[in-house]
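**Q** Working from the sequences, and respecting the hints, build out all of it.
Protein sequences appear in the order of chains A and B. At position 105 of the first sequence (counting the first as 1) the number is 105 in my numbering, and the numbers step up by one without a gap. At position 117 of the second sequence (counting the first as 1) the number is 117 in my numbering, and the numbers step up by one without a gap.
Rather than coming from a laboratory, the hints here were simulated on the basis of the structure. What you are looking at is a predicted structure, and each value in this text was computed from that prediction instead of being measured. Be a bit skeptical, because a hint or two may be false.
Here are the simulated BS3-like pairs of lysine-lysine, each with C-alpha atoms no more than 27 Å apart in a straight line [stated by the list, open to error]:
no.	chain 1	residue 1	chain 2	residue 2
1	A	Lys63	B	Lys159
2	A	Lys159	B	Lys110
3	B	Lys38	A	Lys202
4	B	Lys131	A	Lys131
5	B	Lys23	A	Lys131
6	A	Lys63	A	Lys19
7	B	Lys141	B	Lys38
8	B	Lys56	A	Lys38
9	A	Lys200	B	Lys200
10	A	Lys200	A	Lys38
11	B	Lys80	B	Lys54
12	A	Lys23	A	Lys38
13	B	Lys110	B	Lys159
14	B	Lys56	A	Lys200
15	A	Lys23	B	Lys63
16	A	Lys38	B	Lys63
17	B	Lys63	A	Lys131
Number of protein chains: 2
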Amino acid sequence: MFCNASQIYQFLIEDNITKSEGKITFDFLNISIDINQKSAIGDLFQEWFAQWLKSKDIEFRMKSNTQEFPDFLLDSESDKQNLLEIKTFNYSASPAFDIANFEAYCRSLKTNAYRLDADYLIFGYDLIDAKFYIREIWLKKIWEITGKSTRYPINCQIKQDTIYNIRPILWYSDRAKIKPFNNKKEFVNNLYETLIFYPKTKENNQDWLKIVTENYYFYTKQRL
Amino acid sequence: MFCNASQIYQFLIEDNITKSEGKITFDFLNISIDINQKSAIGDLFQEWFAQWLKSKDIEFRMKSNTQEFPDFLLDSESDKQNLLEIKTFNYSASPAFDIANFEAYCRSLKTNAYRLDADYLIFGYDLIDAKFYIREIWLKKIWEITGKSTRYPINCQIKQDTIYNIRPILWYSDRAKIKPFNNKKEFVNNLYETLIFYPKTKENNQDWLKIVTENYYFYTKQRL
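**A** So this is what it looks like as structure tokens:
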């Protein structure tokens, strides 16, 4: 069967995903170890998740290049709707995963503005004494996990004055000072403001907002 | 007991590491999957390797920040000798692992030139139908796995004209046109030539070779 992201989210909750204890084992040369290193969790969990979908008879497609957006195509035919991205982060730290490369994402919206409506299924995990737990899951749109920063109108990973990736803000904290954007339009506007404020992109992006708005209408027949 | 890299290499050969079949299992929410994704192998194998060292009663120390160079300190006391780096790569493809960030490595040699003598234990693996194999292992010095490239005097990962990481050449192929450097000195000279040819670093590195040469002598009482 085909499901949308919201149905998948419900299945995970019904499966009591936050009550389960897991582990990752590496068995080689007569030594079996339980993995306690977090750096590999994201990739491994995504492979586990694909298998979980299969166990539920939920059909999906993937891009042949697994690095490409999105992680999962949930629609039976369309590559332009029901797009699902999977994100994992260490629940005991702050969510610092990469949502997308800033420049590549902005470029892609000019021709694939439907990406704005992709679903993000986010898993906050703990790995304690080599035991794996999912503490909380969220189903979000990109503008619900992003926000301003002090430096740019959208919070990004910045190294030596160069913008690399769009990074989430602390969307689930009541105490966080920076709140997520209120809607898609505000998110797009802040991307645009960043593009024309950031020295590397300001020259060639004056018409970016107009192009993205038109491209979004072209695909969805809706205004931003 | 304490061992040097060469003894560890021998133990691995004696353990028939290239004859063993392994697997990585992720067990969660009543689903157990055998991992078939290569992106996580490097980190997982390093954790396995640490456990293997312990099983052999081989003592080692690690930096508190596991991202830091080197992966393993094999000396009982010194942080300046018997440094071991672990590298893994997909044996069915070309070795494309990052040896070190180019600029950071060059900078570090000015004050820690003993790093030139670090050992690299390299594992060529296969992951086929979720079964893990080590096909070949090598124990190398950095100048034995690096070489020239057409663009710069040392082969690096380059994206949009920016040099990122020092990358290996195909050191184990008789048919490869580019051969490894012949010795440490040739490697250092080619680093220097790259530094003063690369626009971003040429200004401030005229004295780099002199500084590194002196620093190497300071630590080792040997000439480069």
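**Q** Please verify whether Lys63/A and Lys19/A have alpha carbons no more than 27 Å apart.
**A** Roughly 31 Å separates the two Cα atoms, so the pair is violated.
**Q** Within 27 Å, alpha carbon to alpha carbon, are Lys159/A and Lys110/B?
**A** Satisfied, since the Cα-Cα distance of roughly 23 Å is no more than 27 Å.
**Q** Holds or violated: Lys23/A with Lys38/A, Cα cutoff 27 Å?
**A** Roughly 12 Å separates the two Cα atoms, so the pair holds.
**Q** Is Lys38/A close enough to Lys63/B, meaning Cα to Cα at most 27 Å?
**A** Measuring from Cα to Cα gives roughly 17 Å; hence the hint holds.
**Q** Keeping to a limit of 27 Å between CA atoms, is the pair of Lys23/A and Lys63/B held or broken?
**A** Holds, at roughly 26 Å.
**Q** Holds or violated: Lys141/B with Lys38/B, Cα cutoff 27 Å?
**A** Within the cut-off at roughly 25 Å; holds.
**Q** Going straight from one Cα to the other, do Lys56/B and Lys200/A come out at no more than 27 Å?
**A** violated, 53 Å
**Q** For the pair supplied as a hint, Lys38/B and Lys202/A, is the alpha-carbon distance within the 27 Å limit?
**A** The hint is violated at about 38 Å.
**Q** For the pair supplied as a hint, Lys80/B and Lys54/B, is the alpha-carbon distance within the 27 Å limit?
**A** holds, 22 Å
**Q** For a C-alpha distance cap of 27 Å, please report whether Lys63/B and Lys131/A respect it.
**A** Roughly 24 Å between the alpha carbons, so the hint for Lys63/B and Lys131/A holds.
**Q** Is the straight-line distance between the alpha-carbon of Lys23/B and that of Lys131/A 27 Å or less?
**A** At roughly 18 Å apart (the allowed maximum being 27 Å), Lys131/A and Lys23/B satisfy the hint.
**Q** Quick one, are Lys56/B and Lys38/A close enough, alpha carbons at most 27 Å?
**A** Holds, because 25 Å separates the two Cα atoms, which is no more than 27 Å.
Of the numbered hints given earlier, the model fails hints 3, 6, 10 and 14; all others are met.
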